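Taken in order, the sequence shown gives residues 1 to 368; the numbers are from full-length UniProt numbering.
These are calculated hints, taken from the structure and not from any lab test. Some hints could be false.
[Stated by the list, open to error] Derived DSS-like pairs (lysine-lysine); straight-line CA-CA distance at most 30 angstroms:
{"no.": "1", "residue 1": "K267", "residue 2": "K182"}
{"no.": "2", "residue 1": "K278", "residue 2": "K235"}
{"no.": "3", "residue 1": "K232", "residue 2": "K278"}
{"no.": "4", "residue 1": "K110", "residue 2": "K81"}
{"no.": "5", "residue 1": "K115", "residue 2": "K93"}
{"no.": "6", "residue 1": "K235", "residue 2": "K207"}
{"no.": "7", "residue 1": "K235", "residue 2": "K212"}
{"no.": "8", "residue 1": "K267", "residue 2": "K235"}
{"no.": "9", "residue 1": "K232", "residue 2": "K267"}
{"no.": "10", "residue 1": "K319", "residue 2": "K278"}
{"no.": "11", "residue 1": "K278", "residue 2": "K267"}
{"no.": "12", "residue 1": "K110", "residue 2": "K94"}
{"no.": "13", "residue 1": "K182", "residue 2": "K232"}
{"no.": "14", "residue 1": "K207", "residue 2": "K232"}
{"no.": "15", "residue 1": "K140", "residue 2": "K94"}
{"no.": "16", "residue 1": "K81", "residue 2": "K94"}
{"no.": "17", "residue 1": "K29", "residue 2": "K94"}
{"no.": "18", "residue 1": "K29", "residue 2": "K140"}
As the structure is a prediction and not an experimental result, all values here were calculated from the model.
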Amino acid sequence: MKDNPMSSDKKLDAMLSNIPGILYRGIYKGKQNDLYDMKNQFVVEYISDQIEELTGYPASRFMDSGQNDFDMIIHPDDREKLRTGIMNQIRQKKAFLIEYRMVDIHGNIKWVFEKGQGFFGNDGELLWLDGAIFDITERKLMEKDLFQTQARCQNLVESVEEWIWETNALGIYTFSNAFTQKMLGYSAEELLGRSIHDFLPESDAAKWPQFKKNDLEIPSAVISRELPFTHKNGKKLIIEVSSRPFFSEEGFLLGFRGVGRNITLRKQMEQEALNQQKLQGVLEIAGAICHEMNQPLAAIQLFINFAIEECDPDAIIYKDLIKIRDNALRMGEISLKLMNITNTRTKEYIGGQKIIDIEQATEDSPES
């Protein structure tokens with residue numbers, strides 16, 4: 001077998017060039033009793049060629065100068081943080097991990113992650129630093145974009161005039177926007193960690209397992225239901241809750257997300273309209289009955305009047321005939337007034353009157 005003509009140094013360089021990062025060694029030239037100031041105290045003995053890919057400066061720029069030119073590519077605002085962070089760890093003879101910014105030859109900012117450690121002699125004196133630097137610019141840009149996206153979504157969620165919420169699989173609230181304060185009287189912080197059962201009557205809370213089962217039958221569907229919530233002040237509310245489940249990548253149920261709308265006023269108006277319709281129907285029936293009664297009642301009145309005219313006022317039956325006549329007249333008046341109520345009083349009912357006093361209504365009738 002022939003010997004590989006590649007020198008050991010070239011083999012090492014070839015191996016190091018395949019490592020996804022910049023390797024370096026910095027020789028400490030400062031005083032041992034002054035381990036705080038890194039500036040001009042470390043000289044780069046070795047730095048891998050990947051430094052040029054990151055900064056635009058060749059490795060020789062840092063190794064051949066005989067001084068700490070590495071400081072020039074560190075962002076001015078991060079230099080002190082970097083020095084302090086590294087030297088604090090060196091004093092404790094611990095490895096250091098730190099993120100900071102570099103400025104390349106074109107003035108572009110690059111984010112890097114550096115990991116290194118000091119090496120000491122038998123006498124405990126610092127000899128050099130070995131470390132590695134990794135480009136994390138892409139990750140930082142993604143984090144920034146993610147943060148901006150999250151902030152934008154949060155602003156949208158908080159600006160919606162609806163209750164947006166999330167629970168875990170057990171129905172425990174894990175998220176709520178601030179609108180819950182306006183709708184239920186509870187701040188988002190007060191809601192977190194509490195169960196949906198805490199805000200429902202016992203009978204409705206007992207239905208939660210069935211609600212959950214129904215939601216899971218068609219997991220892609222948004223299911224809406226009306227639930228009786230209790231406000232923090234004890235007031236009863238009707239909340240329209242629309243939700244759908246969400247799952248892990250493995251298909252396990254993680255919880256539910258949805259929105260809630262206070263429809264209490266709408267439900268009251270719907271009930272009011274329903275009551276009005278019922279009353280309208282009752283009065284229309286009453287009016288129809290009165291209309292049917294008028295003709296036979298008129299015949300009765302005619303007969304009674306004739307009987308009174310023919311009867312001797314001193315007869316015992318005369319007083320009874322008078323009473324019958326008066327009651328017949330009264331029945332006719334009530335019948336007429338009930339017919340008038342159908343067209344007048346029910347209109348006022350829409351404005352909120354739920355109970356009609358027949359006596360009062362007949363007295364208020366236009367025919368009174």
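Comparing the hints with the structure gives:
| no. | hint | verdict |
| --- | --- | --- |
| 1 | K267 / K182 | holds (19 angstroms) |
| 2 | K278 / K235 | holds (27 angstroms) |
| 3 | K232 / K278 | violated (34 angstroms) |
| 4 | K110 / K81 | holds (16 angstroms) |
| 5 | K115 / K93 | holds (14 angstroms) |
| 6 | K235 / K207 | holds (21 angstroms) |
| 7 | K235 / K212 | holds (26 angstroms) |
| 8 | K267 / K235 | holds (15 angstroms) |
| 9 | K232 / K267 | holds (20 angstroms) |
| 10 | K319 / K278 | violated (42 angstroms) |
| 11 | K278 / K267 | holds (16 angstroms) |
| 12 | K110 / K94 | holds (26 angstroms) |
| 13 | K182 / K232 | holds (11 angstroms) |
| 14 | K207 / K232 | holds (22 angstroms) |
| 15 | K140 / K94 | holds (26 angstroms) |
| 16 | K81 / K94 | holds (17 angstroms) |
| 17 | K29 / K94 | holds (20 angstroms) |
| 18 | K29 / K140 | violated (34 angstroms) |
In terms of the numbered hints stated before, the structure departs from hints 3, 10 and 18, listed from lowest to highest.
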